[in-house]
Amino acid sequence: MDKLHVNIIERAKVAPCIPSPKAILQLSSLDNISRYYVSVLLVYDGFSTVSAHPAKTIREALSKVLVYYSPFAGRLRNKENGDLEVECSGEGAVFVEAMADNDLSVLQDSDEYNPSLQQLIFTVPMDTNIQDLHLVSVQVTSFAFGGFVVGITFYHSICDGKGLGQFIKGLSEISKGAFKPSLEPIWNREMVKPGDLMYVQYYHVECIPHPLKFKKIVKSSIVINFETINCIKGCMMEECKENFSTFEILAALIWLTRTKSLEVPHTENVKLIFVVDVRTSFDPPLPKGYYGNAVGMAGAIDNVKDLLGGPLLHALIIIQKTIFSLKDNFRSRILMKPSTLDVNMKHENLAVLVDWRNLGFYEADYGCGNVMNAIPMDQQIKNESLVQ
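Residues in the sequence shown are numbered from 345 upward in steps of one, following my numbering.
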């Protein structure tokens, strides 16, 4: 794997081009759970007026889109009860302009984690005080012989993946000349206040008793085409008159093949953890444009002997029931059951599935076509599978 070399040209804070009113905004219970940064790389290989000077264009667009997403330009504060709130201070987001010595071919093998890709995002020093944490950063790195990468890092308490996709789409629209985002952003975190906040017990990684038995886990991409998905849907409809979603089918296939390939003993249990969008589970449903955290963590569990010994329908029913149960919990104002994130299991027995298909990352067009590739920056997680 080729090593990437990036030169930083400029690092600066970008404030909203129109000052926003100072305000203190409350975060929801779901927002307060997600206290960490997430980063994504969006790769573009097209040529256009925008891509000739991508950093300049995107920097100007960032200052304009922050007018509509003013909390992104603010900072976090701790409340007396330990919850977080956002101070709309207008301090700005971090913007970085950079240039890579390599061409885009260095990013072709995105299956294998490459530590040098960290140069494509702005990394927050570990000793930064919470009140000094920026909520979003954008790094635009131009590559030799054309193409560029937009590396975006955001603090998860401010929005979820779908909310970030909405922000990125608005940024790209303004970069192409739009006056404002096509979808009006909505804060309204008071709409998400589950009544029964149930505590979740976490385990430090070093306390999990069983290490990964395989010395090396190889990451690879597989293609499951629509013909295969539609064929499975048709077979399930004939067999049990049940309509399963594309995600449920993909999740079942990944869970089964991963469990089998890692040779988990048939006497043990395996768990599949995945994220479910619950925007429609609230009463009333959350409005379009709401960009706060509105997802729940679902945990499907089964015995290996039953999972591998049964038909595909068996795994599909478990996953579907898990999704229904999660949505019922949210309708009952239950945030999360303690058993969902009980991950005190061997690495082989625990799978995490993330679905990026409907987040909007691939629709962000800065004038040179849609995203060629979207690369998550948490690929060191051995348990995780990504649906793109």
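There's no promise every hint is true.
What the hints assert, rightly or not - Distance windows between CB atoms, simulated:
id	residue 1	residue 2	range
1	P469	K347	19 to 27 Å
2	E586	M535	50 to 58 Å
3	H610	K632	21 to 29 Å
4	D427	M641	18 to 26 Å
5	N613	R355	25 to 33 Å
6	E431	H610	47 to 55 Å
Said to hold, decoys possible - The calculated EDC-like cross-link candidates involving lysine to aspartate or glutamate, where the alpha carbons are at most 20 Å apart (straight line), are:
id	residue 1	residue 2
7	K408	E528
8	K400	D699
9	K357	D445
10	K665	E534
11	K506	E424
12	K366	D445
13	K506	D699
14	K671	E528
15	K524	D709
16	K524	D627
17	K408	E441
18	K400	E354
19	K400	E441
20	K520	D699
21	K347	D445
None of these hints come from the bench; they were simulated from the model.
Please read all numbers here as calculations on a predicted model, not as lab measurements.
Note that CB positions come from ideal geometry on N, CA and C, so glycine has one too.
Results of checking the hints against the structure:
{"no.": "1", "hint": "P469 / K347: 19 to 27 Å", "verdict": "holds (23 Å)"}
{"no.": "2", "hint": "E586 / M535: 50 to 58 Å", "verdict": "violated (32 Å)"}
{"no.": "3", "hint": "H610 / K632: 21 to 29 Å", "verdict": "violated (46 Å)"}
{"no.": "4", "hint": "D427 / M641: 18 to 26 Å", "verdict": "holds (19 Å)"}
{"no.": "5", "hint": "N613 / R355: 25 to 33 Å", "verdict": "violated (48 Å)"}
{"no.": "6", "hint": "E431 / H610: 47 to 55 Å", "verdict": "holds (54 Å)"}
{"no.": "7", "hint": "K408 / E528", "verdict": "holds (14 Å)"}
{"no.": "8", "hint": "K400 / D699", "verdict": "violated (32 Å)"}
{"no.": "9", "hint": "K357 / D445", "verdict": "violated (25 Å)"}
{"no.": "10", "hint": "K665 / E534", "verdict": "violated (29 Å)"}
{"no.": "11", "hint": "K506 / E424", "verdict": "violated (30 Å)"}
{"no.": "12", "hint": "K366 / D445", "verdict": "violated (42 Å)"}
{"no.": "13", "hint": "K506 / D699", "verdict": "holds (11 Å)"}
{"no.": "14", "hint": "K671 / E528", "verdict": "violated (26 Å)"}
{"no.": "15", "hint": "K524 / D709", "verdict": "holds (15 Å)"}
{"no.": "16", "hint": "K524 / D627", "verdict": "violated (29 Å)"}
{"no.": "17", "hint": "K408 / E441", "verdict": "holds (18 Å)"}
{"no.": "18", "hint": "K400 / E354", "verdict": "holds (11 Å)"}
{"no.": "19", "hint": "K400 / E441", "verdict": "holds (8 Å)"}
{"no.": "20", "hint": "K520 / D699", "verdict": "violated (28 Å)"}
{"no.": "21", "hint": "K347 / D445", "verdict": "holds (10 Å)"}
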